[in-house]
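Visitor: From first to last, the protein sequence lines stand for chains D and C.
All residue numbers for the first sequence refer to the working numbering, where the first residue is 3 and numbers rise by one.
All residue numbers for the second sequence refer to the working numbering, where the first residue is 7 and numbers rise by one.
These are calculated hints, taken from the structure and not from any lab test.
Quick reminder that beta carbons are idealized off the backbone N, C-alpha and C, glycines included.
Honestly, I wouldn't trust all of these hints.
Pulled from the structure, derived: some chain C residues nowhere near chain D, Cβ distances all over 12 Å [as the list claims (entries may be wrong)]:
1. 259
2. 328
3. 365
4. 403
5. 454
6. 460
7. 495
Here are the simulated EDC-like pairs of lysine to aspartate or glutamate, each with C-alpha atoms no more than 16 Å apart in a straight line [said to hold, decoys possible]:
8. C:468 x D:125
9. C:468 x D:123
10. D:60 x D:39
11. C:487 x D:125
Which residues of chain D face chain C? A partial, calculated answer using Cβ under 8 Å [said to hold, decoys possible]:
12. 45
13. 46
14. 86
15. 87
16. 94
17. 175
18. 211
19. 341
Residue strings, one per chain:
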Amino acid sequence: MQIVVNGKKLEAKAGQTIMEATREGDIYIPSLCYHKDLTPTGNCGVCVVQIEGMAALKRACVTPVEEGMSIITDSPDIRKLRKELLSLILLDHDVKCPTCDQNGKCELQELINYMDISESEYEPIFTKAKVDNLSDSIVKDTTKCIHCGRCITVCNDIQKVHALCVEGRGFESKITTAFDSSLVDSPCVNCGQCTVYCPVGALKEKTEIEEVQKALFDPSKIVVVQEAPSVRTALGEEFGMDATKVTVGKMYAALRKLGFDRVFDTNFAADLTIMEEGSELIQRIKEGGTLPLITSCSPGWVKFVETYFPDFLPNVSSCKSPQQMFGAMVKTYFAKQEGIDPKDIVSVSIMPCTAKKFEAKRPEMNSSGYQDVDCVLTVREFIKMIKGAKIDFKNLPEGRADQLMGQYSGAGTIFGATGGVMEAAIRTAYAILAGKELDNLNVEAVRGMQGIKEASLDIPLKDSSTVLKVNVAVAHGLGNAKRLLEDVRAGKRSYHFIEIMACPGGCVGGGGQPYGSDIADRARRGESLYKEDSKCEYRASHTNPMIKKIYAEFLGEPLSHKSHQYLHTSYKPRNKVTGKQD
Amino acid sequence: MFYRSHLLFVVDDHSLGKGVKKVIKAIRDELAKNGLDNEVGVLETGTLGYISKGVHFIVYPDNLLYHDVTVEDVPFIVLEHFLKGRPVKKLCQEAKQEVDLAYSQRIVLKNSGKIDPESIDEYIAVDGYQSLGKALQMGKEAVLQEIKTSNLRGRGGAGFPTGVKLEMTAKQEEKQKYIVVNADEGEAGTFKDRLIMEGDPHKLLEGMTIAAFVAGADTGYIYIRGEYQLCISRLEKAIKQAKEYGLLGKDIFGSGFDFEVMVKVGAGAYICGEETALLNSLEGGRGNPRCKPPYPGVSGLWGKPTVVNNVETLSNLPAIIEKGGEWFASIGTPKSCGTKVYTILGDVNNPGLIEVPMGTTLSEIIFKYGGGLKEGEQFKAALVGGAAGMFLPKELLQIKLDFENLSKESAVLGSGAILILSERTNMLKVLRSILNFFLHESCGKCSPCRIGCKVLVNIVDKIVAGQADASDVQRLLSVSKVMQKTAFCALGQSPIMPIASMVKYFGDEIEKFIGEERKCK
Chain D
3 MQIVVNGKKL
13 EAKAGQTIME
23 ATREGDIYIP
33 SLCYHKDLTP
43 TGNCGVCVVQ
53 IEGMAALKRA
63 CVTPVEEGMS
73 IITDSPDIRK
83 LRKELLSLIL
93 LDHDVKCPTC
103 DQNGKCELQE
113 LINYMDISES
123 EYEPIFTKAK
133 VDNLSDSIVK
143 DTTKCIHCGR
153 CITVCNDIQK
163 VHALCVEGRG
173 FESKITTAFD
183 SSLVDSPCVN
193 CGQCTVYCPV
203 GALKEKTEIE
213 EVQKALFDPS
223 KIVVVQEAPS
233 VRTALGEEFG
243 MDATKVTVGK
253 MYAALRKLGF
263 DRVFDTNFAA
273 DLTIMEEGSE
283 LIQRIKEGGT
293 LPLITSCSPG
303 WVKFVETYFP
313 DFLPNVSSCK
323 SPQQMFGAMV
333 KTYFAKQEGI
343 DPKDIVSVSI
353 MPCTAKKFEA
363 KRPEMNSSGY
373 QDVDCVLTVR
383 EFIKMIKGAK
393 IDFKNLPEGR
403 ADQLMGQYSG
413 AGTIFGATGG
423 VMEAAIRTAY
433 AILAGKELDN
443 LNVEAVRGMQ
453 GIKEASLDIP
463 LKDSSTVLKV
473 NVAVAHGLGN
483 AKRLLEDVRA
493 GKRSYHFIEI
503 MACPGGCVGG
513 GGQPYGSDIA
523 DRARRGESLY
533 KEDSKCEYRA
543 SHTNPMIKKI
553 YAEFLGEPLS
563 HKSHQYLHTS
573 YKPRNKVTGK
583 QD
Chain C
7 MFYRSHLLFV
17 VDDHSLGKGV
27 KKVIKAIRDE
37 LAKNGLDNEV
47 GVLETGTLGY
57 ISKGVHFIVY
67 PDNLLYHDVT
77 VEDVPFIVLE
87 HFLKGRPVKK
97 LCQEAKQEVD
107 LAYSQRIVLK
117 NSGKIDPESI
127 DEYIAVDGYQ
137 SLGKALQMGK
147 EAVLQEIKTS
157 NLRGRGGAGF
167 PTGVKLEMTA
177 KQEEKQKYIV
187 VNADEGEAGT
197 FKDRLIMEGD
207 PHKLLEGMTI
217 AAFVAGADTG
227 YIYIRGEYQL
237 CISRLEKAIK
247 QAKEYGLLGK
257 DIFGSGFDFE
267 VMVKVGAGAY
277 ICGEETALLN
287 SLEGGRGNPR
297 CKPPYPGVSG
307 LWGKPTVVNN
317 VETLSNLPAI
327 IEKGGEWFAS
337 IGTPKSCGTK
347 VYTILGDVNN
357 PGLIEVPMGT
367 TLSEIIFKYG
377 GGLKEGEQFK
387 AALVGGAAGM
397 FLPKELLQIK
407 LDFENLSKES
417 AVLGSGAILI
427 LSERTNMLKV
437 LRSILNFFLH
447 ESCGKCSPCR
457 IGCKVLVNIV
467 DKIVAGQADA
477 SDVQRLLSVS
487 KVMQKTAFCA
497 LGQSPIMPIA
507 SMVKYFGDEI
517 EKFIGEERKC
527 K
């Protein structure tokens with residue numbers, strides 16, 4: 003259909019809102035609470051526009067287009083209203099820009115600046131409140147909150163976690179948990195999607211930069227670092243580089259410049275995970291174990307299943323996540339290989355994830371005799387450290403990872419995208435069961451951004467004429483996971499293996515990824531991983547020589563006694579209100 | 007049984023607070039003691055419109071109104087009036103002038119104060135449920151046409167044509183449809199819906215059923231304020247009775263039309279009077295308003311087409327069906343038809359409820375029906391439409407109260423609350439309490455209202471404290487204008503009404519609070 007915007011004709015689709023149509027037509031309407039990934043709430047009122055024939059102004063974000071509709075998006079009157087409204091909003095915001103993690107990315111800051119709003123002569127009216135920093139992952143500072151409601155939308159509608167809600171009314175209302183308790187006493191799964199969508203830094207990760215820097219300064223400590231597969235997808239966009247490419251070498255180089263003693267790679271541990279999890283799958287299929295087997299790499303998902311789907315706990319793989327496998331191996335295998343006392347090792351991980359901070363602190367994660375992972379930094383914290391050291395990331399010469407736990411296969415790389423774990427597992431499980439490699443290593447059916455993906459695979463068993471039909475499914479975003487599990491529970495769907503990632507898009511869309519990203523960014527980051535995978539020398543986990551080495555020298559074989567001791571874990575149900583285990 | 011005399015006690019929320027039940031018991035006991043219980047009947051009924059007459063009742067056929075009666079007065083009244091036939095002059099007045107004036111024009115309140123609201127038989131005796139039967143025979147189309155002809159407009163505040171609203175939902179192809187009665191009367195100084203429901207609950211049920219028939223709804227909800235205990239119990243009783251008589255439930259009048267009604271009690275939020283917030287609350291959610299479109303008529307309760315109407319609106323329907331749309335349209339003004347129920351409050355002699363034709367002047371309402379201002383008081387302003395209404399000054403006393411004439415002055419009829427303020431009123435303090443009301447009742451969903459209400463209260467506090475300058479007054483206007491233009495729902499869009507009219511007509515009073523040195527600054 004056709005609409006008229008500021009006197010010019012514009013093509014629009016039926017069902018679109020004015021905001022969607024104008025953004026598509028490259029016409030900018032200032033907005034604050036609107037985010038294209040989320041159902042609009044119409045909370046802020048900044049996007050009001052004039053529609054011909056209507057007395058009242060209408061919110062562009064929630065008003066559907068109609069054939070022939072004539073819209074004025076900007077005028078002196080509208081501009082004046084927006085400016086006055088924004089100055090009101092600013093009065094209710096604790097302006098802490100220099101210390102705020104969102105500084106420079108804050109959508110309110112940008113809008114205030116863009117709209118040329120001067121400092122108000124009126125006293126701020128925001129309600130003073132204590133910062134909630136009791137969670138291991140998320141910090142909530144309601145004095146910055148502008149009540150856009152995005153965090154609630156993503157937590158309730160997309161993630162279906164329902165940790166956040168509005169309490170109280172009017173000016174006294176605040177965004178909090180049920181019973182106004184701390185996030186640590188709520189069903190929050192620490193996925194951190196709220197932090198990605200928060201426009202003003204009222205929600206952010208609990209920072210551990212200080213601890214990491216302390217370790218780096220301590221000469222008695224060997225500081226070892228691992229970086230998750232998806233970390234390398236988001237750095238380029240932050241440093242003005244080609245965002246469609248991963249930045250592996252520069253990432254290693256930056257870490258060395260920051261002073262880490264050993265630079266390894268989580269991708270290696272991802273390969274290790276596939277060896278264990280693939281073997282677990284084969285064992286369960288062969289021995290009639292609980293099926294479907296469900297992945298356990300995503301700590302947000304793990305807390306979610308413990309909280310909301312405890313009946314599925316026997317289905318969840320006993321494998322630890324790559325981060326925790328890596329942590330356990332650093333303080334055992336690596337320490338032994340290099341003759342270092344594990345107590346002198348500080349194990350740091352760079353993660354796209356806020357839930358990884360929680361996972362590292364789970365009490366059972368100490369199979370090495372020490373806390374397996376000491377500090378977890380999000381991609382945002384990592385970027386902050388790079389910027390803090392004034393490292394010219396874009397022009398850094400490519401570095402290399404240290405070998406022992408730094409080499410990886412393409413299968414490990416694609417862990418960062420939704421469907422990646424599934425694809426990696428298929429590559430290895432097929433090889434083990436069929437006794438030969440897959441003809442085409444690309445399992446396209448499980449790639450892409452569709453919420454729930456399904457595939458069926460025929461595996462000709464070696465030394466037999468039987469063909470094993472394996473049904474698999476992939477879900478990303480906990481809302482999709484919930485939908486999938488409810489169907490499985492109701493017997494509507496049946497699988498052997500399910501991959502679930504808490505965040506939409508998988509880890510490339512993690513809660514620790516840069517602020518201001520959207521679904522399209524996530525899809526692009528995922529694609530860059532598949533591109534990287536196609537260029538890898540080894541493409542399946544079991545072909546990674548360093549994986550062969552660790553089994554030969556330390557672990558023996560997948561699912562061995564030692565593997566179980568270090569690489570596997572168990573789960574317990576959680577209270578739905580407090581998120582606590584009994 | 008034949009009684010020579012009837013006592014009609016007004017049992018409503020006001021008289022209950024004054025102990026009407028005790029007085030009724032005392033009078034029954036006293037009559038029995040004197041052997042008069044077979045001669046004098048004692049009945050309970052709904053409001054006459056008075057709210058400041060304590061325990062009051064009308065004696066028929068004498069047509070005398072006893073008021074402010076206490077248990078102690080009872081033996082004397084029975085002895086003098088009912089035994090000796092001498093009315094107690096100091097406790098009663100002739101009911102005629104005051105009551106009948108309004109009665110002759112009543113549609114919605116026609117039965118209130120006359121019949122026992124807890125008896126379906128009494129309602130049927132005054133032709134109750136006849137209109138429903140007639141409507142079912144006429145068929146949907148004809149009923150809709152009649153309602154459209156009547157030009158009935160929503161009495162909740164916005165004045166949307168009821169026929170158009172019903173038609174919108176009737177046209178939807180969805181099988182499941184709902185009708186919701188907005189009985190969450192929250193507007194400051196308004197209690198008309200309460201007294202309508204207390205006085206004649208069956209009329210609402212009948213009107214609601216007619217509307218449901220037209221719209222194609224098989225389920226109705228009455229969303230009612232939790233404070234309205236008497237309404238709730240009378241409505242629930244009425245629903246039960248109507249179901250027993252086959253006037254609700256399956257196959258009403260053998261027409262094949264099914265209709266069930268449920269009462270849902272609200273939890274005391276002004277915002278839940280906003281129709282979409284009401285729907286959220288009805289669904290069990292937080293009472294925040296929803297985006298419009300989609301309008302409830304298309305996608306309302308649980309996403310289904312839903313008609314949301316005010317109590318008074320629906321209570322007009324039985325009369326429209328009975329007497330025809332043209333009859334209704336002949337009352338009032340050409341564009342604002344029918345009557346309007348007002349609550350008159352403040353510095354008048356007869357605060358309470360009246361029902362008068364649309365287009366009645368403010369002056370008539372105050373001086374004719376409201377009994378004029380209290381002794382020694384002069385009229386200063388009327389706040390028409392509740393907190394979200396407008397202050398009308400002396401110069402506008404002759405304004406006709408209807409949708410069009412008020413709209414010309416940028417005012418609204420709103421809920422029909424009329425607060426009369428005398429010369430002695432401190433207008434700024436009235437404004438302050440209105441703004442505090444908005445601050446308290448804002449849901450907090452949208453930024454303009456959530457923050458704006460707080461800023462407005464801060465400014466008016468500053469003015470009252472004598473610490474403001476002229477720019478603060480300007481800021482009151484500019485902030486409320488931002489709210490009017492950008493707030494999500496009518497609540498946040500409203501504070502400009504009292505503020506702008508206050509500044510326009512009573513600006514000099516604000517000036518008084520702004521010190522000389524401040525003005526120079």
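Visitor: Look at each hint and say if it fits the structure.
Guide: Okay, the hints, checked on the actual structure:
The Cβ of residue 259 of chain C lies farther than 12 Å from every Cβ of chain D, with a closest approach of about 41 Å, so its non-interface assignment holds. Every C-beta of chain D lies more than 12 Å from that of residue 328 of chain C, the closest at about 37 Å, which supports listing it as non-interface. Listed as a non-interface residue, residue 365 of chain C keeps its Cβ farther than 12 Å from every Cβ of chain D; the least gap is roughly 24 Å. The Cβ of residue 403 of chain C lies farther than 12 Å from every Cβ of chain D, with a closest approach of about 28 Å, so its non-interface assignment holds.
A Cβ of chain D approaches the Cβ of residue 454 of chain C within 12 Å, the least distance being about 5 Å, so the stated non-interface status is violated. At roughly 4 Å, the least C-beta separation between residue 460 of chain C and chain D is not larger than 12 Å, which violates its mark as non-interface. Not every CB of chain D lies more than 12 Å from the CB of residue 495 of chain C, the least distance being 10 Å, so the non-interface label is violated. Pair hint residue 468 of chain C plus residue 125 of chain D holds up; C-alpha atoms about 12 Å apart against a cutoff of 16 Å.
Distance restraint check for residue 468 of chain C and residue 123 of chain D: the Cα-Cα separation of roughly 15 Å lies within the 16 Å cut-off, and the hinted pair is therefore satisfied. Our distance criterion of 16 Å between C-alpha atoms is broken by residue 60 of chain D and residue 39 of chain D, whose separation comes to about 21 Å. Our distance criterion of 16 Å between C-alpha atoms is broken by residue 487 of chain C and residue 125 of chain D, whose separation comes to about 20 Å. At a threshold of 8 Å, the smallest CB-CB gap from residue 45 of chain D to chain C is about 5 Å, leaving the interface hint in force.
For residue 46 of chain D, the interface hint holds, the least distance from its beta-carbon to any beta-carbon of chain C being 5 Å, beneath 8 Å. A distance limit of 8 Å between C-beta atoms decides the matter here; for residue 86 of chain D the minimum to chain C is near 5 Å, and the interface restraint holds. Because the beta carbon of residue 87 of chain D sits about 5 Å from the nearest beta carbon in chain C, less than 8 Å, this interface hint is met. At a threshold of 8 Å, the smallest CB-CB gap from residue 94 of chain D to chain C is about 5 Å, leaving the interface hint in force.
With a least beta-carbon distance of about 3 Å to chain C, the hint placing residue 175 of chain D at the interface is held under the 8 Å criterion. At its closest, the beta carbon of residue 211 of chain D sits 33 Å from a beta carbon of chain C; the interface hint therefore is violated under the 8 Å criterion. For residue 341 of chain D, the shortest C-beta to C-beta distance to chain C is roughly 61 Å, which exceeds 8 Å, and the interface hint is violated.
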